[in-house]
Structures are given as C-alpha cells and as structure tokens.
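K.L.:
In case you want the letters, here they are:
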Amino acid sequence: MAQRVNFWSTLTDPLIRQNPVTLQILGICSALAVTTSLATALTMSVSLTVVLTLSAAIISLIRRHIPDTIRLIVQIVIVASLVIVIDQILQAYFAEISRALSIYVSLITTNCLVLGRTEAHARHHAPLPAAVDAFGNGLGYSLVLIVIGGVRELFGRGQLFGWQAFALADAGGWFTPLGLMLLAPSAFFLLGGLVWAIRAWHPEQVEPPEHVPPDRTRSAE
Amino acid sequence: MTDLWHLFLSAAFVDNMPLTLFLGLCTFLALSKRSESALGLGIAMTGVLGVTVPLNWLIYQGLLAPGAWAWAGMPALDLSYLSLIAFIGVIAATVQVLEMLLDRFFPGVHAAFGVFLPLLTVQCAILGGSLFMVDRSYDFDESIVFGLGSGVGFAIAVVMLGAIRSRLAYADLPTGLRGLGIAFILTGMMSLGFASFAQMAMSQ
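Residue numbers (our numbering), protein chains in the order written: chain C, 507 to 727; chain L, 5 to 208.
To be clear, the hints were calculated from the coordinates, so they are not data collected in a lab.
Every residue gets a Cβ at the ideal spot worked out from N, C-alpha and C, and that includes glycine.
Among the clues, some could well be false.
Here are the simulated SDA-like pairs of lysine to any residue, each with C-alpha atoms no more than 20 angstroms apart in a straight line [said to hold, decoys possible]:
(1) L:K37 - C:Q530
(2) L:K37 - L:A173
(3) L:K37 - C:L529
These stretches of chain L come out as covered by chain C in the derived footprint (C-beta under 8 angstroms, 3 or more residues) [unchecked claim]:
(4) 30-43
(5) 56-68
(6) 135-147
Distance windows between CB atoms, simulated [unchecked claim]:
(7) C:A606 - L:W9: 27 to 33 angstroms
(8) L:W9 - C:F513: 28 to 34 angstroms
(9) L:M78 - C:Q594: 33 to 39 angstroms
(10) C:I579 - L:L67: 17 to 23 angstroms
(11) C:Y599 - L:D143: 46 to 52 angstroms
(12) L:W9 - C:L567: 30 to 36 angstroms
(13) L:D145 - C:A606: 38 to 44 angstroms
(14) L:D82 - C:V653: 24 to 30 angstroms
(15) C:T575 - L:G66: 25 to 31 angstroms
(16) C:F667 - L:L67: 37 to 43 angstroms
(17) L:A115 - C:Q594: 39 to 45 angstroms
With the sequences and hints as input, model every part of the structure.
P.N.:
So, in structure tokens, the structure goes:
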C-alpha cells in the first residue's frame with residue numbers, strides 16, 4: 507500500500523481520457539434518462555458524485571473487514587443507504603426536480619458506475635485515494651451529462667437552465683424547437699456522436715475491430 | 005383479460021425498458037456483441053423480472069406501504085422509504101436462489117447463461133421494474149404481467165441489437181465509431197423505430 511499516488515492524475519484522468527461513460531460503459535442508463543434539461547442533469551450529477559465519493563470512502567475504510575463472499579451485498583447496502591438519504595433530501599428541498607427525476611435517483615443504487623468503481627478501485631486502496639478517484643469519476647460523469655443536457659435543452663426548447671437563449675418562432679423569434687431532441691433517440695445519437703468526437707481526439711481509445719475479414723487478417727491495422 | 009394483455013404489450017413495446025426508458029443499458033450494450041449471448045441475457049432478464057416484480061409487490065404491500073402495519077395497531081407507520089433496500093435485497097436473493105435452482109435441476113441451462121445471472125443483481129432495469137410497480141400502483145396480477153412484459157421487451161430489443169451488431173462485421177466504419185459509438189447510434193435508430201409503437205398505442 508506504499509505506492510506513491512498521483513492525486514492530480516487520479517482526479518483528472520477520468521474526465522476525458524478514462525471517462526466512465528464514454529470509455530468504461532458505466533452508468534449510461536441514468537446519463538441518458540435525465541438529460542432532457544440542464545437542471546435535472548446537474549442535480550443528477552451532484553447526487554451521483556456525492557454518493558460515489560462517500561461510498562468509495564466508506565467502503566475503503568472498512569475494506570479489510572468485509573468478507574470477500576458477501577462483499578457485493580455489503581457494498582449495495584451501503585450505497586442504497588446513501589441513496590435513500592440523498593433521495594429524502596431532494597424530496598424535502600427540491601420537490602419539483604425530484605419529481606422530474608422520478609425513479610432515476612433511486613436507480614443510482616444500481617448504477618454500474620458506483621459499484622464498478624467500488625469494486626475496481628475502492629476495495630484495494632486507502633480511503634483518500636479512493637475518494638479522489640471516485641470524485642474524479644463523478645466529475646467525468648457530470649461532464650458528459652452537462653454537455654448532453656445542455657445540447658438537448660438548447661436545441662429542444664431553446665433554453666438554458668430555463669432561460670430563453672434562442673427567441674422562439676412562436677414568440678416572434680427565429681428558432682423553431684426541435685422536438686426530437688427531447689425524445690429518447692436523440693440522447694443515443696448525441697452520446698454516440700460524443701464518443702466518436704472523443705475517440706477522434708484520443709485515438710488510443712479506438713476499439714480493435716471485432717471481426718477481421720479472412721482475406722485481410724494480416725494486413726488490417 | 006384484455007386489460008392485462010394491453011398492459012403486457014405496452015410494457016414490452018411502448019415502454020420498452022432499454023429503448024425508451026433507458027434502463028439496463030450497461031448490460032444491454034455490453035452483452036449484445038453476439039446474438040447468442042444476447043438471447044441468454046434476454047431469457048434471464050425475463051425470468052428474473054417475472055419473479056421479482058410480483059415478489060416485491062407482496063413485500064411492499066405487506067410490510068412497507070403506508071398503513072401496512074394497521075393490523076398490529078400501527079396504522080400511521082410508513083416504511084416506504086425502506087423500499088429501496090428491501091427491493092435490492094429481494095432481487096439479490098432471488099438471483100442467488102434462481103442460480104442455485106438452475107444449477108441443481110437444469111445444469112445445461114445454467115451453463116448456457118449462468119454468467120449473466122449474478123450480473124442481474126445490479127441491473128437497473130430489474131430494480132426499475134419494481135420501482136415503477138410502486139410508482140404506478142399496480143395490483144398483484146398487473147405486476148406479474150408488467151414484469152413479464154418488460155422482460156420480453158428487453159429480450160426482443162437486446163436480441164435485435166445483437167443480430168445487427170454481428171452484421172456490422174461487413175461494414176466499413178470510421179475507426180472512432182467502431183464498437184461503442186456505433187452501438188449507441190444503432191440503439192438510437194431502434195429507439196426511433198420503437199417510438200412508432202407509442203403512436204400506435206395513442207391512436208387506438
């Protein structure tokens with residue numbers, strides 16, 4: 507456990523280079539469902555980052571006491587308790603947003619990102635690095651959510667955080683809202699495009715071809 | 005009867021879990037590279053959803069719902085905030101029991117999709133099914149039909165995506181889109197297709 511930990515790279519790596527959503531395929535469900543507006547995307551990002559950081563720290567604190575066979579159950583129970591707390595806070599102070607998020611706050615419990623990070627990282631590291639890693643992953647997740655949420659709200663309603671950024675055609679302006687942006691398919695298209703953009707920027711993330719045609723087995727790549 | 009059938013169809017197609025509600029996407033994308041593994045996942049999902057949603061209904065109505073303890077003289081007790089932990093526990097236990105039963109009585113089936121079963125504990129679609137059941141206050145029959153319908157819908161979607169993705173071997177994709185990128189775009193297109201079912205349900 508005496509390895510030197512570079513906090514800065516632990517924190518910034520998950521932002522783009524090791525982004526949990528676009529590279530590790532973790533936590534996609536909620537990333538797409540709550541991004542119809544910036545406000546819900548931001549609330550979700552904050553909730554997830556808090557849960558992720560706290561659960562990583564707690565699990566890392568007791569990592570030597572958890573028997574290996576039941577560790578999944580222990581981890582889920584810890585995460586679920588934190589999620590219940592967050593859910594109750596949201597219902598108490600942000601009732602409107604909590605209704606817009608509906609069941610997706612509760613679904614942080616089974617968000618693959620939380621369990622993925624605790625399983626892959628927090629279980630083997632001291633509390634501080636584990637928390638930093640979790641916080642970085644939470645930020646990377648938030649980044650994707652905010653980008654997608656911003657694009658969908660801007661082009662779907664012409665708004666940012668509910669503020670009218672583009673003048674709507676109905677109100678004498680020039681912008682006709684794209685209804686498709688608020689529907690499910692556009693979220694998939696946007697995330698696909700985002701993955702493409704990031705991989706064009708960082709070519710080392712490109713996946714090797716799954717099937718290589720027989721006549722080109724050697725020459726490909 | 006027709007109501008239940010209608011609920012089944014709408015759970016399977018209109019409110020398709022991965023394509024319109026974004027539930028269970030992690031496994032949906034990770035295991036759809038080949039259609040055989042996709043089929044295994046679909047069958048396992050249907051089984052687990054069909055069992056856990058009604059089971060969670062019983063637990064919720066019997067122990068957690070507001071007023072469930074009225075018979076014990078505590079009508080004001082509302083334990084519904086515990087439902088998350090209870091549901092997760094039930095799902096984890098069901099998956100474990102299902103795995104042991106399959107291993108004991110149908111080793112062939114267990115070997116065929118045993119790897120997917122433990123994964124299902126942390127599947128958002130399964131927890132989501134139970135949470136929706138509470139949210140929309142289904143009764144017992146409806147919760148069985150809803151669980152099975154959502155499972156079948158998931159299975160159809162994941163098998164379709166698996167079939168399309170295995171065909172991608174013949175496509176010459178831009179390198180950045182290969183793998184995850186194109187999977188998202190394909191899912192988006194399937195989601196567009198499934199959106200037409202919503203129109204169908206509305207026009208009825």
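K.L.:
Could you work out which earlier hints the structure fails to respect and list their numbers in ascending sequence?
P.N.:
Violated hints: 5, 8, 9, 11, 12, 13 and 14; rest satisfied.
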